[in-house]
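Visitor: Letter by letter, the sequence shown follows residues 1 to 174 of full-length UniProt numbering.
Hints were generated in silico from the structure; no laboratory data involved.
Misleading hints may appear alongside valid ones.
Mimicking DMTMM-like on lysine to aspartate or glutamate, the simulated pairs with C-alpha atoms at most 20 Å apart in a straight line are [unchecked claim]:
#1 K42 / D5
#2 K17 / E6
#3 K42 / E26
#4 K124 / E105
#5 K124 / E109
#6 K32 / E6
#7 K32 / D22
#8 K16 / D5
#9 K56 / D46
#10 K98 / E79
#11 K32 / D5
#12 K56 / E72
Taking CB as the label site, the calculated pair distances span [to be verified]:
#13 E153 / G123: 45 to 53 Å
#14 E93 / E153: 36 to 44 Å
#15 A27 / I62: 47 to 55 Å
#16 D95 / T65: 57 to 65 Å
#17 D95 / L73: 29 to 37 Å
#18 F125 / N77: 54 to 62 Å
#19 I62 / Y12: 30 to 38 Å
#20 D54 / M80: 35 to 43 Å
#21 L55 / R96: 56 to 64 Å
#22 I62 / G39: 32 to 40 Å
#23 Q58 / Y12: 43 to 51 Å
#24 E153 / L101: 38 to 46 Å
Note that beta-carbon positions come from the ideal geometry of N, C-alpha and C, so glycine has one too.
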Amino acid sequence: MSVTDERVQTLYQLAKKHPEDDTLQEAVTIIKSLRLSQGQYKQWNDKYRSNQKDLKEQIVTISQTNESLQLELAAINQEMEKLTHEKTRILAERDRIKSELRSIEREAELAAIQVQETNSLYGKFTIVWQFLQSVFFSDHPRDFGRIDNALPEFSDQPQMRTDQASIGRDLLDQ
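The task is simple: from the sequences and hints, build the whole structure.
Guide: Here is the structure:
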């Protein structure tokens, strides 16, 4: 017990012994009021500190959430930008293909008119052939494709031999 607490206890005992002393009774009432206020202040202070601690923890949590949301938003924005560029490219490609199809349609209509106006069978086939070349071989008129002469592998199947001894054996077996 501290010196102050001992003095307060002594004052309380004196107030009990002398209930007629108003000054002493008033001093005890003031001390009790101050102690009650001190307890309330201490309780409020503890609550305030606890709330401060909770708020700081919430700030940290919200900051972390905010950072992760910012990163997610940046990724979404980047993806949206990528998709926008892709859409622009696809639309340009679509317009180019539409234009090519209109051009092919005009060429087909022109070829049909020329075929109807031509009387010779050779002339009609020539017009059709020129149309087919312009439509299907316009990219590389000299490129006829690549012929693959490689034989497929049949290592899991028996092979027929072509040397003289094998042929002779096969004939004798029959």
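Visitor: Quick one: are E153 and G123 within 45 to 53 Å, going by C-beta?
Guide: holds, 49 Å
Visitor: Keeping to a limit of 20 Å between CA atoms, is the pair of K98 and E79 held or broken?
Guide: Violated: K98 and E79 sit about 28 Å apart, past 20 Å.
Visitor: K32 and D22: Cα distance at most 20 Å?
Guide: holds, 15 Å
Visitor: How does the Cβ-Cβ distance of D95 and L73 compare with 29 to 37 Å: does it lie in that range?
Guide: Given about 32 Å between the Cβ atoms, the range holds.
Visitor: Should the hint that A27 and I62 are 47 to 55 Å apart at their CB atoms be regarded as holding?
Guide: With Cβ atoms ~51 Å apart, the hint holds.
Visitor: L55 and R96, beta-carbon distance inside 56 to 64 Å?
Guide: Cβ of L55 to Cβ of R96: about 60 Å, so the range 56 to 64 Å holds.
Visitor: Need the status of pair K124, E109: alpha-carbon distance at most 20 Å?
Guide: Roughly 14 Å between the alpha carbons, so the hint for K124 and E109 holds.
Visitor: Quick check: does the Cβ-Cβ distance between Q58 and Y12 fall within 43 to 51 Å?
Guide: holds, 45 Å
Visitor: Take a quick look at whether K56 and D46 sit within 20 Å of each other, Cα to Cα.
Guide: With Cα atoms ~15 Å apart, K56 and D46 stay inside 20 Å; holds.
Visitor: What's the verdict on K56 and E72, does the C-alpha distance respect the 20 Å limit or exceed it?
Guide: Cα-Cα ~24 Å, so violated.
Visitor: I want to verify a distance hint. Is the separation of the beta carbons of E153 and L101 within 38 to 46 Å?
Guide: With a Cβ separation near 42 Å, E153 and L101 satisfy 38 to 46 Å, so the hint holds.
Visitor: Measure nothing beyond the straight line between the CA atoms of K42 and E26; if it is 20 Å or shorter, mark the hint as holding.
Guide: violated, 24 Å
Taken one by one, the earlier hints fail for this structure at numbers 3, 10, 12, 16 and 19, listed in ascending order.
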